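Here the protein sequences come in this chain order: A and B.
Using this note's numbering, you'd call the opening residue of the first sequence number -8 and step up by one each time.
Using this note's numbering, you'd call the opening residue of the second sequence number -8 and step up by one each time.
Derived by calculation from the structure, the hints in this document are not laboratory data.
As the structure is a prediction and not an experimental result, all values here were calculated from the model.
Just to be clear, a hint being listed does not mean it is correct.
Okay, derived cross-link-like pairs now, DSSO-like style, lysine-lysine, Cα gap no bigger than 27 Å in a straight line [unchecked claim]:
1. K268/A to K251/A
2. K233/B to K268/A
3. K14/B to K80/B
4. K251/A to K251/B
5. K268/B to K251/B
6. K233/B to K251/A
7. K14/A to K80/A
8. K14/B to K233/A
9. K268/B to K233/A
Protein chains: 2
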Amino acid sequence: MAFETLLIVGAGLIGSSIARAAKATGAAGTVLMSDTSPSVVETVERLGIADGAAEGSAHHFAARADLVILCVPPGRIADVAADLLPVMKSGAVLSDVGSIKGAVVEGVTPHLRDDVSFIPGHPIAGTEFSGPEAGFAELFQNRWCVLTPMSEDAARLDELQAFWEQLGSEVSVMDPARHDLVLATTSHVPHLIAYTLVGTAIDMEEVTQNEVVKFSASGFRDFTRIAASDPVMWRDVFLTNKDATLEVVDRFIEDLSALKRAIRWSDGDTLLDQFAKTRDIRRKIMDAGQGD
Amino acid sequence: MAFETLLIVGAGLIGSSIARAAKATGAAGTVLMSDTSPSVVETVERLGIADGAAEGSAHHFAARADLVILCVPPGRIADVAADLLPVMKSGAVLSDVGSIKGAVVEGVTPHLRDDVSFIPGHPIAGTEFSGPEAGFAELFQNRWCVLTPMSEDAARLDELQAFWEQLGSEVSVMDPARHDLVLATTSHVPHLIAYTLVGTAIDMEEVTQNEVVKFSASGFRDFTRIAASDPVMWRDVFLTNKDATLEVVDRFIEDLSALKRAIRWSDGDTLLDQFAKTRDIRRKIMDAGQGD
């Protein structure tokens, strides 16, 4: 067991999945949860996925925990950390699951204590569903979890790594800025594009929503799944990973403009070259066990 | 049984799935196939999915068929139609499965005979895999098939509709231009965007391919599946549905630019409004049984 007492703050898809996985695998002895929403706390109690659940900031839980994982939207992580750090146990670990890391580190750092190890994290896992009932224990199996340690304490990093490995993940350690650029490419910009395209389709005056729904099986539906992800979380991601997102979006628009030009000028060779080179990466993703 | 003898020209994913489905459901009595590739013809024979298979243009098969379905890349449909129409039986039906319809109608029309009914079609179904071994009989179940009839013969349209319904599809009749605009929105532009984004990620100097593969589970992998579709087919789609594709792409780029601006100026309300409105269409797609 990596940690005796675990506090999960925020009982959404990720938080409730960590709770379930920690219980199922024995990665934590006692699992405590808190959430600002009374109805979410009620749901957690009804589902029985935690040993204790409390509404609000739950200082009494934070004071007991060996590991506190913040599973709130990225824009709230710094405030919640500032609230809980003063009451945390000496020697405890503070982590999070935010999809961006640079802004989290920047926001939390001023509130840090020398005797609490801050190790931001990001499990690369999720579904388009939200809330405590959407979670499941297997969510992290065979998925990567990135840790961006902000403390020199190698023993605490080893423990948190062991925790995620017990949940079924592989762990990759990198610095926050690199995480934000890599994830801008593999996650943030794909989400922005999916949200945009689904919006474009909804707004087409000449095409009815009924037609979009009927004929969605040939490409569009995959975008709607991505674009059904939690709106608040994604707003926070884009506002806090602004530079990397805009850099990748600009490159994407350049590349799309080049293909537009090829279409307009009937340059089939350019199209074929582009379409042929993207197949290989799909095969590599399947080989790496990261397909669906 | 809607048609006694069926000829499928082109034994790729769609052609071989039609063959399997027609045999499995009894929608055709005899299923013949032809393909320009000797190795594909061999594979068809080995798989036993047709009652006869021939290499090349197979005039002897075309002369026997009550229904000929062209399952070749969109750019080849007109040439194959021109080759086969002169030998087809009087009273037979000529159809296709091309992802675009306007250019198919334009290319085939000069070669038409009064005694052959031309009813272009497009089954909205597919996977990212290609070739005769990728096909399966259930591919069309619970999927829509669009027919854009170019003949006044209502009886023949009813027969082709019954054929597709026997394969498990629902049939929607519309005119070619409307098909091309609707599909540009739900299929062609989503594919162009997926091909572009996967290319952008591959070309990022700062992010390795290994990182893209490892962290693909949070959005990117869905794009790689779409971008693994048949390159030749998609080149032809964009070259032959140029106007509708460019119209939808331009709207998409406008919408993406607006979201870029919202990110740059930290306008969270605009982002949240956009992200919240796209959830509803996902629910409608699930309700319509068009989710995965």
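Now the hints, each set against the structure:
For the proposed pair K268/A and K251/A, the alpha carbon gap of about 18 Å is at most 27 Å, so the pair holds. Restraint check for K233/B and K268/A: the C-alpha separation of about 22 Å stays at or below 27 Å, so the hint holds. Restraint check for K14/B and K80/B: satisfied, since their Cα atoms lie roughly 22 Å apart, inside the 27 Å limit. Under the criterion of a C-alpha separation no larger than 27 Å, the hint pairing K251/A with K251/B is consistent with the structure, at around 20 Å.
As the CA atoms of K268/B and K251/B are separated by approximately 18 Å, the hinted pair is consistent with the 27 Å bound. For the hint pairing K233/B with K251/A, the CA-to-CA distance comes to about 9 Å; that is within 27 Å, so the pair holds. For the hint linking K14/A to K80/A, the alpha-carbon distance of about 22 Å falls within 27 Å, and the restraint holds. A distance of roughly 55 Å separates the Cα atoms of K14/B and K233/A; the hinted pair therefore is violated under the 27 Å criterion.
Among the hinted pairs, K268/B with K233/A is consistent with the structure: their alpha-carbon atoms are about 22 Å apart, no more than 27 Å.
Violated hints amount to a single one, hint 8; each of the other numbered hints is respected by the structure.
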